[in-house]
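Those sequence lines, one after another, are chains L and W.
Using my numbering, the letters of the first sequence correspond one by one to residues 1 to 1109.
Using my numbering, the letters of the second sequence correspond one by one to residues 1110 to 1600.
Here are the simulated BS3-like pairs of lysine-lysine, each with C-alpha atoms no more than 30 Å apart in a straight line:
id : chain 1 : residue 1 : chain 2 : residue 2
1  : L       : K914      : W       : K1588
2  : L       : K282      : W       : K1588
3  : W       : K1155     : L       : K282
4  : W       : K1588     : L       : K949
5  : L       : K282      : L       : K949
6  : W       : K1436     : W       : K1458
7  : W       : K1588     : L       : K888
8  : W       : K1155     : L       : K647
Label-pair restraints from in silico Cβ distances:
id : chain 1 : residue 1 : chain 2 : residue 2 : range
9  : L       : K376      : W       : K1588     : 50 to 56 Å
10 : W       : T1447     : L       : Q783      : 42 to 48 Å
11 : L       : K555      : W       : N1327     : 44 to 50 Å
12 : W       : N1600     : L       : D896      : 18 to 24 Å
If you're looking for bench data, these hints aren't it; they were derived computationally from the structure.
We treat Cβ as the ideally placed atom computed from N, Cα and C, and that holds for glycine.
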Amino acid sequence: MYKNYTIKPGVPYRHVHKIWLIMRLTTVILIATLMQVSAAGLAQRINLSKSNAPLKDVLKELRLQSGYNFVYTDNLLAKSKPVDIKVNDADLEEVLKEIFSAQPLTYTIDSKTVIVKPKDPTFLERLANRWASIDASGRVVDSENRPLPGASVKVKKTGKGVSTDKDGRFFLRGVEEGAVLVVSFVGYLPKEVSASAGMGNVVLEQSLSKLDEVQVIAYGTTTRRLSTGNVGTIKGEEISKQPVSNLLLAMQGRIPGIYLNQTSGIAGASVKVRVQGENSLKNGNEAFYVIDGVPYAPQNLYSGINGAFTGTGSALNYINPSDVESIEVLKDADATSIYGSRAANGAILITTKKGKAGKTKIDINMQSGWGEITEKMKLLNTEQYLDMRFEAIKNANRQPRASEYDINGVWDQKKYTDWQDKLIGNTSHYTNLQATISGGNNETQFFSGGGYTKETTVFPGDFFNVKANANMGINHTSADKRFEFNISARYLQDDNRLPTTDLTSVAFTIPPNAPDMYNADGTINWAPKPGSPNSSTFIYNPAAYLLQNYRYRVKTDNLLNKGLIGYTILPNLSFKTSFGYNRLQTEELNTTPQAAFPPLFTDNRRTAIYGNKSITSWIFEPQLSYDKEFLFGEFNFLLGSSFQSTKSGVTVYKGSNYANDDQLETSLAAGTLVSDRNTMQSQYRYNAIFSRLSYNFKSRYLLNISARRDGSSRFGSQNLFHSFYSIGAGWVFSDESWFKDKSSIISFGKFRASYGTTGNDQIQDYQFLSLYSLYPVNLPYQQNNGILPVGLSNPFIQWEETKKLSLGMDMGLFNDRILFNANYYRNRSSNQLLSYPLPSLTGFISVIRNIPALVQNSGFEFSIEGSPIRRDNFKWQVSANLTLPKSKLISYENLDQSAYNDIYVIGQSTNIVKVYEFAGVNQENGFYQFKTFDGKITSTPDYSTDRTKLIDLGPKLFGGLNNSLTYKNFDLSFLFQFVKQVGPNLKFGNAYPGIAINQPSSILQHWKQNGDISNIQKVSASVNSFNSFDLATSSDAAYSDASFIRLKTFMISYLVPINLKKVNSTKIRIYVQGQNLFTITKSKDFDPETGLGILPPLKIISTGFQLTF
Amino acid sequence: MKTFLNLRINLGFSIKFYPLILLLSLLLSCKKFIEIDAPITSINDKNVYATNSNATAVLTGIYTKMSNNPFSLNLSLYPDLLADNMTLFDQNNISAQQYYQNDLNSLYKNQLTNYWFDLYSYIYVVNAAIEGISASQGLSPAVKQRLLGEAYFLRAFYNFYLVNIYGNVPLLTSIDYSINSIKGNNQVSKTYEQIILDLQQAQSLLDDDYKDGSVINNSTDRVRPNRMAATALLARVYLYTNKFVQAEVESSKIISKSDVYSLSDLNSVFLKNSSETIWSLQPVSTNVNTMEGNFYIYSSDGPNGINFVFLSDDILNSFEPGDLRKKYWIGTFDANNTIYSYPLKYKVKVGDPSESKEFTVVLRLAEQYLIRAEARIQQEHISGGIADLNALRTRSRAEATIQIPNPLPNLSVNLNKEQALSAVQKERRVELFTEWGDRWFDLKRTGNINEIMSRITPLKGGTWSSYKSLLPIPQSEIKLNSNLIQNPGYN
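With the rest of the complex left out, here is chain L (with noise of 0.2 Å):
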């Protein structure tokens, strides 16, 4: 019978409880043995009077006067009752006697060292405690009254405990009557309280720390809390804060170690996303994009036809905004390793809306706004244009020939045009509509909504992009919480309507002096000489540009539709699958009519591209999760394996040949039409079993160790398979009782620590094939198309690798009230593919090749939030990041022999230019000098060894600051970002000053003649000035820091107060939006960050209203 009672629930934690007690106090006693050998040899009379004293100071006094060590711990004196002793002249034995008889706690004496440790029970005392146990009951809800299934109930004396089960409630064997219960769940305050048989409903308070806040990672969730990975979040309330198409520019300032660059201020331009650095010398560097468990292509294919202008365009853009809930962006390998080959750029996750239990709501959101240029560019006057001109032919001994109109008296030399004005100086349109309706009970909730988007640009013409979006989604749970089931769907149009050809370059460069576009009939001028009506001197009109492409086309559609099903077995196994589809289909046509060319070309011009482009995939992911509260910590076990296939197609004709410009819509009409050599078919298949294993120990040790083995059909049939792995601990080190009682400010403190490895495999399809392409001619060999390999095959390419290590920290202090992250990381990548080149003899010049360069991206990023101010009236939120990144080259077997010794230098960035020093212009001929690698000065520096100077073009600092101020229905908002960098800078001109074409007014300055200082050489229209021109450009002055504050965003909104009884749900909100406000910089030319010749990110004011109900 006695044994019976050692199984009693609780027991085997005390046993474990005392080997952790005996460990510890080994440990200590090894500690105080060394320490404290010279202890007293001689055992002391105790003199002690003490009346309801702490045993501590009891044992303390005891000590000084005995010299014997005593052991024990706080914890178990806090269990003491207080002491009343008189004794004199006692024997030590004798007074410990009396001391501990009255005391829940019993002792030992070994040699000189008392060790205090707890009183067994008696039997007595053990059967009393049986009979006084109760079996608890309760109920977990949330202040709204909805259960918590899988809350964590625990007695806190004994830690035994059980979760919660589907309905939230807990039952609770064998517990001490008055027992203080824990009462914990994910999200949501801790609570202490009293076991009794029947408890009731335990309501918990949703967490306020955002240490709390759900943060999406790969194949689950966790808390900033309980996180050992490098996690950035964004929350849907952010972006919604900014009037942004691509909803990848919401993040821009606002996660550390993430670096943003809008390519273009035109909608539908792409967005270059970088994280932690660029780790592939000449291979993608695309961050891994998931949405909702599903990976997305960031790129749309490559057909050839939209061109430099928006390049492939952003697949992002193909994802409204509005429809976001967070977005997440892992970075060290704890987080992303687990996503294998496919993450060592990062992962960035987007979770979309779903619905939430409770009354059905709907939400309607109008948006109206204005966007323009945020600066133009200083350019010379007619006058100053038509000095320089001459001064230009002049220096050049020569008179001006028959072509140059603007000089030679053709076009009018008086006329000024503002081309800036003209040509980007229109105000674009954005509106924006969205309307969601969203509900559900507990076991089923609903999610649905639409919009239309609408920007147009600040070019002259009808340009447009619009975008209409729908989609729905459903969760269901089973009434027994057993069976879990969701499913949905998103669809996207976008019909893109924007030129081909930005025309920022155009308006920089156009000469002042230049007709106008347009005749009084509306009709294309193009200038024609007096006399001579059929001939153009304007034949670089950039009406015609804007013709050219005036039917340019881009439909596109994108479904994405994700499902997943799930089922608990076991209370602590649970299988799910999770399933997604996602078609992105894109139809282009380019039209150039005849009317785009002057009337001196008479032969049929005209011609039409037709593209079509498909990106099909889908993915299934089996995934089996093993929970176990164990009495040595908490494991979560992850299996599952993941099955994906993505097929792409693209289909390019141009046609020429048509009757007439209304013909070129159809490729029917076309007289000829040929295959164009971008249309391919690819197919991507990618298999892997993955796995990760969490412990968590009291929320204080945290352990996390991923593996994943990754199959992929891009590498060759030699290396087919790798293998990924990480490990991850964090040490909750402000939750150490030595800690606790010692500081008041610290609330939160977590060391956290990552290493591990990651690939990358954005290189295009069939690399390791030899593969044969179209080698398309206008007129097909016996009227066929011929193909011809295009490469050579290596069947032995494989996955650049990234190996991670990240040290980190997360402090929340003052009750949590400023959190504070500091991370260092460190990621070297080798194995690159790059082309190793070849002897021509082998048909090709090189061979796409793993080369063990090793590149590394190192930092250090941090980022602090706070609420200064939390009053009811008026609260002040203020959060900042900041990242310091630095690249380096660290090897790279025979540079110096490979084609790229041009471009890298061994120990120095990856993202470096070489140029010549610069030393000035000079004072005789006027010319542009630099200095050799041997110091001296020179006009015509060499190439191969006078490029001394290395200009890290790379961001050095980048950061952002947001504060949010809210006052009674007052909300306002504002980001400003920062980055510091170098750039180049337009100091010697537009191309070749003298030539016909515009200069920024800087050029003013140049050299005129002998014995001038300036740092412009003289205007000429020579080739040697030209040469010159090209030589300086390549050389240190043509770069300056082109570093950058920008207001960002900017938002004021005002919910309006509304006093109606029946609905008092409703809200009104009106709001005032502002993106990129003002820029302070030093690079006056042009935008540092979209550079030159492109449409500056544009300055978008814009208001809205918002409803819900």
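Please arrange chain W on chain L, whose structure you already have, making use of the hints.
For chain W alone, coordinates are given in the frame of chain L:
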């Protein structure tokens, strides 16, 4: 009791674990699934030779590229510029000047042409095709045979030019770059052995018909090589390797096929599908017929930076009085009383987009007469050789006039061997100028090059050395392949 409890727990678990074990095995069995098949959606070396149409398209691709790139023009222009047929007009064209003044170096800085890269990249495709087609199971036998025949012919064709331009070159018969990238030079004779083998193979695989783009149906377009094309090249190769008996046999095979091949009117020789054409390349551009016509024929302002050459006095003086080839095949341009002569074999500069009138002729009948003439004379069959030469002279003979009462007379059958051979050389020059490097190769082959070039090169402003008869192997190649040995005289 403890054991009893434990037992119960274990039992309970083991029952419940059955579905779990099933699920686990599902998860783990995906290991097999990982082995992904080779993709079939793109055209690659695994599937390109699986179907008739794709395999045919590879050979079609080669012809298309040969026609689209200035391949024939490069072999027409630069060898003649190196030799004594062509004069450089634009003295600022430093790159062309290197050819003109016989001053090439292995750096090929600003090079205008890279025969090495062009020829080896064609050889790669041909070798890939031979490998792929031979191994293919999916091709119909007739198509397989035809394509292999075309491929062997092409390999011989490219190797012929490599060996004549560079001398000892690596002979490649596989596509493995790990082998090819370290291949050293082979002796010229070894390459010729392979060329002859390939052409004999081609002869046995090909038939006499010209085929269309399917290589199944016959076609009137003579744009895919047939057995006669292989025979014509083989005749030339035998001549170049001094196998005169065989050269005569091969050339006779073509000359005797008079129902298909006959000497046509001088103005029709280079028209598409002329009766003289043995193999030609179809133009693939809508507004240019042949690269030669487009380049040699001047625009309204005469020779300039783009059309930068004219015919040398040396060749103009080689024409005998009353030779219609000078009249019909050479154009003149009067620029301020300076007369520039240019090749006018092809007469279309800018073409009619709808229809091509002229095809680039690669192999033609007249050369076979010249081969047989030389082969016969070398075998002391002088009258037979002279008869062949006279056949060509008859065609080019003008009407007698008062100024030229005896235009381009028939050669006497009484010439001795030396005289007859020199007559062959002269006839070859005026017949085959600006065609496929013929003049340059003749100078080398006959051993006259040093004698003639040491006279000509100084006139062009350069200096002659005998090593210059071979072009330098690009330095960049030697840097990447240490087994490759540069031609003597270059570094």
